[in-house]
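Student: Modelling step: build the complete structure from the supplied sequences, incorporating the hints.
Under the numbering used here, the first residue of the sequence shown is numbered 1, with each subsequent residue one higher.
Since the hints were derived computationally from the structure, they do not count as laboratory data.
Ideal Cβ positions, reconstructed from N, Cα and C, are used throughout, including at glycine.
Some hints could be false.
Lysine-lysine pairs mimicking PhoX-like chemistry, simulated, CA-CA at most 25 Å apart [said to hold, decoys possible]:
no., residue 1, residue 2
1, K67, K91
2, K107, K73
3, K230, K298
4, K71, K107
5, K107, K67
Cβ pair distances, simulated, as ranges [said to hold, decoys possible]:
no., residue 1, residue 2, range
6, D214, D88, 45 to 51 Å
7, E427, P51, 23 to 29 Å
8, G155, P281, 39 to 45 Å
9, P156, P115, 29 to 35 Å
10, E255, I429, 48 to 54 Å
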Amino acid sequence: MKIFCLTLGCAKNRVDSECLAGALDAAGHTVVPSVEEADCALVNTCGFIRPAVEESVSVILDLEELKKNKKLKMIGVVGCLVNRYGDDLRKEVPSVDFWARCEEWGKVLEALKTPLPDLRRRGFLPSSSRFSRYLKISEGCDNRCSYCAIPFIRGPLRSLPIDVVVREACQLVGEGARELCVVGQDLTVYGTDFDGRPRLIELLDALESSLPRDLWIRLLYLHPSRVNEKLIERVAGGTQILPYLDIPVQHGDHEMLAAMNRGIEPDALRSIFAAARTINPDFALRTTCMVGFPGEKKKHFDNLMNFIREVQFDRMGAFSFFAEEGTPAAELPAQLSERTKKKRLGELMGLQEEISLGRQNRFEGRELKVLVEKIDKEENYAEGRSYREAPEVDGTIEIRDIRDGLKEGDVIAVRVTGVMPHDMMGEEII
Numbered sequence: 001m002k003i004f005c006l007t008l009g010c011a012k013n014r015v016d017s018e019c020l021a022g023a024l025d026a027a028g029h030t031v032v033p034s035v036e037e038a039d040c041a042l043v044n045t046c047g048f049i050r051p052a053v054e055e056s057v058s059v060i061l062d063l064e065e066l067k068k069n070k071k072l073k074m075i076g077v078v079g080c081l082v083n084r085y086g087d088d089l090r091k092e093v094p095s096v097d098f099w100a101r102c103e104e105w106g107k108v109l110e111a112l113k114t115p116l117p118d119l120r121r122r123g124f125l126p127s128s129s130r131f132s133r134y135l136k137i138s139e140g141c142d143n144r145c146s147y148c149a150i151p152f153i154r155g156p157l158r159s160l161p162i163d164v165v166v167r168e169a170c171q172l173v174g175e176g177a178r179e180l181c182v183v184g185q186d187l188t189v190y191g192t193d194f195d196g197r198p199r200l201i202e203l204l205d206a207l208e209s210s211l212p213r214d215l216w217i218r219l220l221y222l223h224p225s226r227v228n229e230k231l232i233e234r235v236a237g238g239t240q241i242l243p244y245l246d247i248p249v250q251h252g253d254h255e256m257l258a259a260m261n262r263g264i265e266p267d268a269l270r271s272i273f274a275a276a277r278t279i280n281p282d283f284a285l286r287t288t289c290m291v292g293f294p295g296e297k298k299k300h301f302d303n304l305m306n307f308i309r310e311v312q313f314d315r316m317g318a319f320s321f322f323a324e325e326g327t328p329a330a331e332l333p334a335q336l337s338e339r340t341k342k343k344r345l346g347e348l349m350g351l352q353e354e355i356s357l358g359r360q361n362r363f364e365g366r367e368l369k370v371l372v373e374k375i376d377k378e379e380n381y382a383e384g385r386s387y388r389e390a391p392e393v394d395g396t397i398e399i400r401d402i403r404d405g406l407k408e409g410d411v412i413a414v415r416v417t418g419v420m421p422h423d424m425m426g427e428e429i430i
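Tutor: Given below as structure tokens:
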């Protein structure tokens with residue numbers, strides 16, 4: 001059967017979809033790049049916050065219309081939204097042919113009436129980059145941030161053994177990966193479910209000793225309460241690990257961090273980022289912030305703005321608080337108006353755009369190694385990323401007047417000739 005797989009949400013969902021694609025391929029199905037080519041459409045949903053839930057439901061309803069018009073034979077819905085709202089969804093959308101929770105790929109294959117192959121095989125999605133792949137090292141989360149639904153959507157922490165992670169990393173490199181983005185709900189607790197001892201540094205040692213020296217390893221999603229100077233030094237001193245860390249702070253005010261149950265003080269956050277920039281002033285730092293948490297007063301928001309000014313993050317994502325059903329924060333008093341949240345979000349992102357441009361300006365005229373991901377021969381340009389840009393969430397570097405023979409997947413030296421708040425322009429150094 002020809003099957004279209006649509007992935008919504010985070011990079012961890014992308015990994016799940018690739019594992020599902022591998023199982024489908026092993027069972028004799030063909031994963032196609034568009035819904036127009038498909039007999040069956042699968043959507044791997046996200047249920048993290050309200051907009052993600054709304055997007056997932058909208059996509060399901062669109063697929064339902066295609067099935068009504070006989071442009072699809074079957075619809076399958078899998079992933080986080082099923083974990084969270086499965087019983088309600090089954091009642092609301094009876095035209096969906098099958099449902100499966102996260103990683104229940106056997107149920108998908110049973111619904112398709114095909115034998116169960118090796119469900120651990122990693123596949124490839126037509127929409128994925130072959131040169132930058134995600135390496136998921138754990139599932140679930142034991143943190144109890146008061147606003148977050150992940151623990152009861154994905155369950156408790158479950159780390160993959162080091163040898164399993166290394167084996168999958170080698171497979172991805174063998175398929176052409178030049179960059180591996182290591183993901184999990186929180187990388188800092190990797191391995192603590194084995195014997196209470198964190199093993200992220202041990203895993204990084206194993207990866208670096210097993211993989212080519214020119215491979216890029218990028219760490220994403222580290223809870224700040226367990227990021228220490230030893231980890232920062234290990235990242236900064238790595239041969240393949242990029243000097244880039246994604247550390248979501250969520251806020252910069254003491255009272256807000258306590259209400260969010262983040263387990264860290266603003267001064268401790270400052271120390272983390274100061275340590276990284278002391279080791280390497282060009283260390284790339286990305287974070288995520290939340291505005292409009294219940295009880296957030298102007299003084300709390302001002303403290304957040306001052307914190308962002310002080311740290312000078314290279315990149316930042318931000319979102320408004322959503323009262324997620326089942327979380328402690330949803331029941332808190334002093335919920336803020338949508339108007340106030342929208343205003344504060346705009347102010348915060350406006351500030352970050354100025355800071356991002358300032359950090360970008362540091363690199364004008366300098367050389368960066370760039371992984372080429374797109375080439376347009378007709379327009380004579382290429383696009384790629386340096387160590388400072390994570391795939392999908394950060395900017396890109398545009399390279400003009402490219403030479404003959406340049407290929408996607410090449411890593412080249414580029415001199416930066418112009419900068420914008422998120423993107424750069426440059427020329428290859430021959």
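Student: Evaluate each hint against the coordinates.
Tutor: Do the hints match the structure? See the list:
no. : hint                    : result
1   : K67 - K91               : holds, 18 Å
2   : K107 - K73              : holds, 18 Å
3   : K230 - K298             : violated, 36 Å
4   : K71 - K107              : holds, 24 Å
5   : K107 - K67              : holds, 21 Å
6   : D214 - D88: 45 to 51 Å  : holds, 49 Å
7   : E427 - P51: 23 to 29 Å  : violated, 39 Å
8   : G155 - P281: 39 to 45 Å : holds, 40 Å
9   : P156 - P115: 29 to 35 Å : holds, 31 Å
10  : E255 - I429: 48 to 54 Å : holds, 50 Å
The structure fails to meet hints 3, 7 from the earlier list, while all remaining hints are met.
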